[in-house]
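Starting from the structure of chain A, add chain B where the hints point.
2 protein chains.
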Amino acid sequence: MKQSKLFGKTRKDISQDEKSINAELLTKAGFVEKQMAGVYDYLPLGLRVLRKIENIIREEMEAIGGQEILMTALQAKELWHQTGRWQELEPIMYQFQDHHGSQIGLATTHEEVITDIVKKHLSSYKDLPLYLYQIQNKFRDEKRVKSGLLRGREFLMKDLYSFHIDQKDLDEYYQVVYQAYLKIFKRLGLEAFAVEASGGAMSKQFSHEFMVKTEAGEDETVLCEKCGWAQNAEIAKVKSGEQCPQCQTIVKKFKTVEAGNIFRLGDKYSRPLKLQFTNQKGKLQEVVMGSYGIGLGRVMGTIVEASHDQDGIIWTETTSPYQVHLLNLAKNDKTQGKAEQIYKELHQQGLEVLYDDRDISFARKLKDADLIGVYWQLIVSDKQTELELVKRKDHQKILGDLNKVLSTIKKSVR
Amino acid sequence: MKQSKLFGKTRKDISQDEKSINAELLTKAGFVEKQMAGVYDYLPLGLRVLRKIENIIREEMEAIGGQEILMTALQAKELWHQTGRWQELEPIMYQFQDHHGSQIGLATTHEEVITDIVKKHLSSYKDLPLYLYQIQNKFRDEKRVKSGLLRGREFLMKDLYSFHIDQKDLDEYYQVVYQAYLKIFKRLGLEAFAVEASGGAMSKQFSHEFMVKTEAGEDETVLCEKCGWAQNAEIAKVKSGEQCPQCQTIVKKFKTVEAGNIFRLGDKYSRPLKLQFTNQKGKLQEVVMGSYGIGLGRVMGTIVEASHDQDGIIWTETTSPYQVHLLNLAKNDKTQGKAEQIYKELHQQGLEVLYDDRDISFARKLKDADLIGVYWQLIVSDKQTELELVKRKDHQKILGDLNKVLSTIKKSVR
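Those protein sequences? They're chains A and B, same order as listed. If you're matching positions, the first sequence starts at 6 in our numbering and goes up one per residue. If you're matching positions, the second sequence starts at 6 in our numbering and goes up one per residue.
One chain only, chain A, in its complex shape:
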């Protein structure tokens, strides 16, 4: 992509009311545009990152047997009434009347709907287990939205729902998803660890949150870096500076962001909505359920919170909007042609290249490249015949010809 044609300009100043690092950097770098508080439009660069996150999550969902579906945002009150959540979720649910006088809600989550859909297609134990997921918009009228993409009023979410004959089968799959989540965050380039959200090890109903360490997180987590034991600081029995209950090492407190969560639902939804199956003895029984979420915009915001410096964003290898940012710092015509040639060559090699061909100062090109944060920067200049490959993260330089550059990049993107 030639940057002279790319929609979405970098800018120095943005609205003062953007307090979060992620929204500030993503807006300045031209990835998103604020529509209203907690509601962001994705420009081409932002959408590319979102799609990369989406694809990694989708691959891992397919790998654990997930079948993709797509549910709707508009939902009738009646369904939510049956679980009591029409009232319960009223504080964060957009609820309104349509022109026919029907009460409509915008889905904050999809447990009710998925349970209702599965009911129409499930009869016997032979239909279980079943794993369904979607990547779809959620709407939540959050009171305070100061965290940019971390807490949106409209946001893309992957939600997986599992259906089982009993608690034992749920427990087994729960572990499978737990491992898949760790794999997803690792692939995204995030260091995440799981925290027991409530109840603790004694309860069979506990759920987990997946946390990422950041400078300015929404939560505080007590973590033992030796054995990985972790708990939300608010409910943890062990405080920072005290001994880990598992390995007696001293635990520390960290500011963290919740990047995903997994829940054992049991029959919370299957009972009121009557999702039953005929067991092997021919008797009707409630389906046992689990639900598992990851917010895509939240992941994007989390990466920016966890990976940036004073100059801008530092995308991870797998989430970088492009693999290479080619910077044309040439003045004379011959080198100009060389940059153009390299752009074509990189394309032919199947690499994703953002090519800064703009007629602006070199200083601004370098500044913009650091702000945008593509993983690799490749500099073509009159100064030297060799190319300069720069890793955005630490500005480490590698000099070499195109072959050397290509092999280095390809080794990194695998």
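Hints listed in this document are in silico derivations from the structure and should not be mistaken for laboratory results. Please note: incorrect hints may appear among the correct ones.
When chains are identical, the list treats them as one kind, so a pair holds in a single copy or across two.
Claimed, not checked - Listed next, the in silico DSBU-like pairs over lysine-lysine satisfying Cα-Cα at most 30 Å (straight line): (1) K143 with K33; (2) K402 with K148; (3) K7 with K288; (4) K336 with K131; (5) K131 with K339; (6) K231 with K288; (7) K388 with K188; (8) K7 with K124; (9) K336 with K286; (10) K24 with K279; (11) K124 with K143; (12) K82 with K125; (13) K339 with K33.
Computed from a predicted model, the values in this text were never measured in an experiment.
Then chain B, alone, in the frame of chain A:
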């Protein structure tokens, strides 16, 4: 995909209030599930078709320079107020108050928002032309929704917006999109033709609708099959049975479905929202705009309306949820193993296969296959050593070994 594991069962009877052929067949075949009037959830088969339609449209948008973005559904009243459409669209717009007392609307379309976003990133004539598109949900509180997926209250739409320095540049790009649309419908397997929507050839502001012939369409169109001249029957000066104004052939009236539309907007939105650019003379000038839509669910419904028989859906080659439906009609163990082997082989050859491995009667398998409508059916039975490749459309049979079958299928999917 093994059909025994596939979520979404076929069924004989569905709710009586589903009057349209597309919704009836798609529900019976397990592609969609009705959430409420005009609102449909997509099950795995349905989502696969939707993605295929999406990918074809996306490829053609990229081919004409479109840059993909993603805008939001939640929109503030203020913006819509400036163009007067907050009042104008009130009859079909979901409008409500959030918990902060702000007036919110769910986007029925995105002209206001895109104009506002572009304003923040456009300054000079050098930034033009610009082509932005998205594939995103629209919400419209339609009064009557008796047409299944043809007229939804929540539906995925591709909307492209173009921005130009003048009318001449818009006119040129308008023709480019016109041709791209014809290509899209052709690739989707639909016979579409363009109709002047209003004004006629004398006006420079006219727009076009792309119509597909179906048994039960929402519109009537007068069409000359010789030269392609066509107009909406309601506004056409020439009636069915009269002479075509272009070539004097007798024109006919057809029931049609509108599958897409393109509009010259001019400065309708850029003027009230003040989207201006500095021209080559240094003066401020309004940007000239165009907008171009295709509803994805509507396309899916249109394909079903245009292509089905008494037994079920007949997907086109490019929109079939799978390329091959492998039907295991074997009783003895040896043939069972053969079907399994062929399933693996087809997979290895990179083909998308739905494999009916269910323990049900052969008659039901054949019935379900016709209802689901995968383009090719491949039958393995004890009766014959050869495989039977059946084209769903006309049930034409080809007998042969796996190599012959593979080469026939591959020739068809290209």
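Hints, one by one, checked against the model:
no.: 1; hint: K143 with K33; in the structure: both (26 Å within a copy, 28 Å between copies)
no.: 2; hint: K402 with K148; in the structure: neither (46 Å within a copy, 63 Å between copies)
no.: 3; hint: K7 with K288; in the structure: between (64 Å within a copy, 27 Å between copies)
no.: 4; hint: K336 with K131; in the structure: between (70 Å within a copy, 21 Å between copies)
no.: 5; hint: K131 with K339; in the structure: between (69 Å within a copy, 25 Å between copies)
no.: 6; hint: K231 with K288; in the structure: neither (48 Å within a copy, 66 Å between copies)
no.: 7; hint: K388 with K188; in the structure: neither (43 Å within a copy, 48 Å between copies)
no.: 8; hint: K7 with K124; in the structure: between (50 Å within a copy, 21 Å between copies)
no.: 9; hint: K336 with K286; in the structure: between (81 Å within a copy, 28 Å between copies)
no.: 10; hint: K24 with K279; in the structure: between (45 Å within a copy, 28 Å between copies)
no.: 11; hint: K124 with K143; in the structure: both (22 Å within a copy, 28 Å between copies)
no.: 12; hint: K82 with K125; in the structure: within (19 Å within a copy, 39 Å between copies)
no.: 13; hint: K339 with K33; in the structure: neither (33 Å within a copy, 65 Å between copies)
Hint compliance for this structure: hints 2, 6, 7, 13 are not met, and every other hint is.
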